[in-house]
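The task is simple: from the sequences and hints, build the whole structure.
Protein chains in written order, with the working numbering: chain A, -3 to 285; chain B, -3 to 285.
Don't take each hint at face value.
Stated by the list, open to error - Taking CB as the label site, the calculated pair distances span:
#: 1; chain 1: B; residue 1: Gly236; chain 2: A; residue 2: Ala225; range: 37 to 45 angstroms
#: 2; chain 1: A; residue 1: Arg249; chain 2: B; residue 2: Pro122; range: 57 to 65 angstroms
#: 3; chain 1: A; residue 1: Pro34; chain 2: B; residue 2: Asp83; range: 32 to 40 angstroms
#: 4; chain 1: A; residue 1: Ala261; chain 2: B; residue 2: Pro79; range: 50 to 58 angstroms
#: 5; chain 1: B; residue 1: Gln156; chain 2: A; residue 2: Gln263; range: 46 to 54 angstroms
#: 6; chain 1: A; residue 1: Asp262; chain 2: B; residue 2: Met(-3); range: 51 to 59 angstroms
#: 7; chain 1: A; residue 1: Pro34; chain 2: B; residue 2: Gly51; range: 33 to 41 angstroms
#: 8; chain 1: B; residue 1: Gly89; chain 2: A; residue 2: Glu246; range: 50 to 58 angstroms
#: 9; chain 1: A; residue 1: Gly98; chain 2: B; residue 2: Asp85; range: 34 to 42 angstroms
#: 10; chain 1: A; residue 1: Pro55; chain 2: B; residue 2: Arg123; range: 23 to 31 angstroms
#: 11; chain 1: A; residue 1: Asp257; chain 2: B; residue 2: Ala126; range: 28 to 36 angstroms
#: 12; chain 1: A; residue 1: Asp53; chain 2: B; residue 2: Arg13; range: 28 to 36 angstroms
#: 13; chain 1: A; residue 1: Ala17; chain 2: B; residue 2: Met(-3); range: 38 to 46 angstroms
Because the hints were derived from the structure by calculation, they are not lab data. By construction, the Cβ of each residue, glycine as well, lies at the ideal position given by its N, Cα and C atoms.
2 protein chains.
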Amino acid sequence: MDAVQRIEQALEAALARGLGAEAPPLLAQAARHAVMAPASRARPRLLLAVAHACGDDVPALSDAAAASLELLHCASLVHDDLPCFDDADLRRGQPTVHRAFGERLAVLAGDGLIVLAFENLAWHAPRHPARLVSLTGIIGRAVGLATGIVAGQAWECEPQVDLTAYHRQKTAALFSAATEAGAAAAGMDPDPWGRLGENLGLAYQVADDLRDVASSAEELGKPVGQDAAHGRPSAVAELGVEGAMERLLELMRGAVDSIPDCPGADQLRAMVRAEMQRLLPRQLGERLG
Amino acid sequence: MDAVQRIEQALEAALARGLGAEAPPLLAQAARHAVMAPASRARPRLLLAVAHACGDDVPALSDAAAASLELLHCASLVHDDLPCFDDADLRRGQPTVHRAFGERLAVLAGDGLIVLAFENLAWHAPRHPARLVSLTGIIGRAVGLATGIVAGQAWECEPQVDLTAYHRQKTAALFSAATEAGAAAAGMDPDPWGRLGENLGLAYQVADDLRDVASSAEELGKPVGQDAAHGRPSAVAELGVEGAMERLLELMRGAVDSIPDCPGADQLRAMVRAEMQRLLPRQLGERLG
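Right, here's the structure in full:
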């Protein structure tokens, strides 16, 4: 089974168990709508790639960690799209959760998906409880109040923005968690894996900023030009398109160079390159060579 | 140190570690505002009372579980007060988080407190990882999509309300979690403790409904008459004040009768009675005798 199939099955299993037969029907639909749309699953794929490189001795736990990370990413998208933030109509080519189900169910579906992410880790850890301690710590830090995506999003509400913290937390945090959690799920020391995820995450953010100015809405599955429209910090606003491309290449090199020595290193390096190619708008992707 | 001091210290410790030095300043203020208001701490007090009755062999873990439960309760209050739900101005005698900090920081503070609750369990469990598996499961179920407070709140968005599920999930779920988690934190089987929490939680909901019609806003610390104003299901609307009082007494008897045989049983029974006295509006509390 390839990584994408493992991830989709793990997400389906998490939702099935988390919603059970009892969840209020509209809430269940809203949660499924938020998670089961066509999506790149970039973070959980990275997690599984690192778990594989680390031996992946308990695949069910890696799958659960991958699903939990994606559930948290989906929850953050649902809340970021709310009227009080981006007031977005489209996400992943379909109506946002609050457009389809109303604002109240969007708030609740996001909350419930956060809870489900942590429950889902625990469901798959009874035989490896020490790994649950590690995974909960890694994933909590990546989404939490101090250095996680919640913090990253909150910088948009501050009069003085810490730009480095903003980028690091809003996108890079979940990628660092992906690489660290991949190692932790396989019972390995997560620390040497953090820098790969952080570099990739920062690269992902730059690529996202580039796509926001250089893609079509059709290619992107959501409206373009949103950073400028919302006055959000952006690598393109800061460095220009050329400068942002330079920065992206530098981050990619940093990511590739940071991969620890392991049997799967070559495979991981190839994945990093393919991923960046995929992320860039077509006209810029050709320049990665 | 008494239970209330233990809880306040555990909450302060969780916030200090969760916010660190790095959290965006307004987000940190919003999170503290949501948690550190004068509050009854009914759920964590119940958790510690059961942990005590079960031997409380790792007090730091019981304290963490108590704090995590209260963090989740606070998070749900912040989101329930949002303009799309109750649009409340006052909570615990002070402005609601969205009134004081804006809607965006209220959404984010609630999200961040949910994450912190699970992180906080993991921080205190490295020497008892199997208890983390159990506690994450118990607490997740009490707040989650199927049978937790998120589900309970979502019944308000359904065309057909399952009233039993609504009451059980919106309030009783966190009380069941309090008694089960108190046992689990002390390394005991949580199952025999669920019914005590559930009866108390249902009683708490009936008392809350009674207070909503029979208290002053000053006594309550938030506006009264909100159930009728929002057309919410309520025991008073369903049974009248007298019928609701009957139901409350029945639930209290059920709670007292369900306490498992243990050294601290008498103390727990006395606590249940005192708690109900405290919860009722003054004019009704006198009738409990």
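Distance restraint evaluation - Gln156(B), Gln263(A), Cβ atoms, bounds 46 to 54 angstroms
At 51 angstroms between Cβs, range holds.
Outcome for the supplied range 50 to 58 angstroms, where the beta carbon pair is Ala261(A) and Pro79(B)
holds (51 angstroms)
Satisfaction of the hinted span 51 to 59 angstroms by the C-beta atoms belonging to Asp262(A) and Met(-3)(B):
holds (57 angstroms)
Is 32 to 40 angstroms respected by the C-beta to C-beta distance linking Pro34(A) and Asp83(B)?
holds (36 angstroms)
Given the hint of 37 to 45 angstroms, is the C-beta distance from Gly236(B) to Ala225(A) inside that range or not?
violated (54 angstroms)
Are Asp53(A) and Arg13(B) spaced within 28 to 36 angstroms by their CB atoms?
holds (31 angstroms)
Just tell me: holds or violated, for the beta carbon distance of Asp257(A) and Ala126(B) against 28 to 36 angstroms?
holds (34 angstroms)
Is 23 to 31 angstroms a correct range for the gap between the Cβ atoms of Pro55(A) and Arg123(B)?
Holds, since Pro55(A) and Arg123(B) (Cβ atoms, about 28 angstroms apart) stay within the stated range.
Indicate whether the distance between the beta carbons of Arg249(A) and Pro122(B) respects the range 57 to 65 angstroms.
violated (37 angstroms)
Taking 50 to 58 angstroms as the stated bounds, is the beta-carbon spacing between Gly89(B) and Glu246(A) within them?
holds (53 angstroms)
Taking 33 to 41 angstroms as the hint, is the beta-carbon distance of Pro34(A) and Gly51(B) inside that range?
violated (52 angstroms)
For the range 38 to 46 angstroms, tell me whether the beta carbons of Ala17(A) and Met(-3)(B) fit it or not.
Since Ala17(A) and Met(-3)(B) have Cβ atoms about 44 angstroms apart, the given range 38 to 46 angstroms holds.
Hints 1, 2, 7 and 9 from the list above are not met by this structure, while the remaining hints are.
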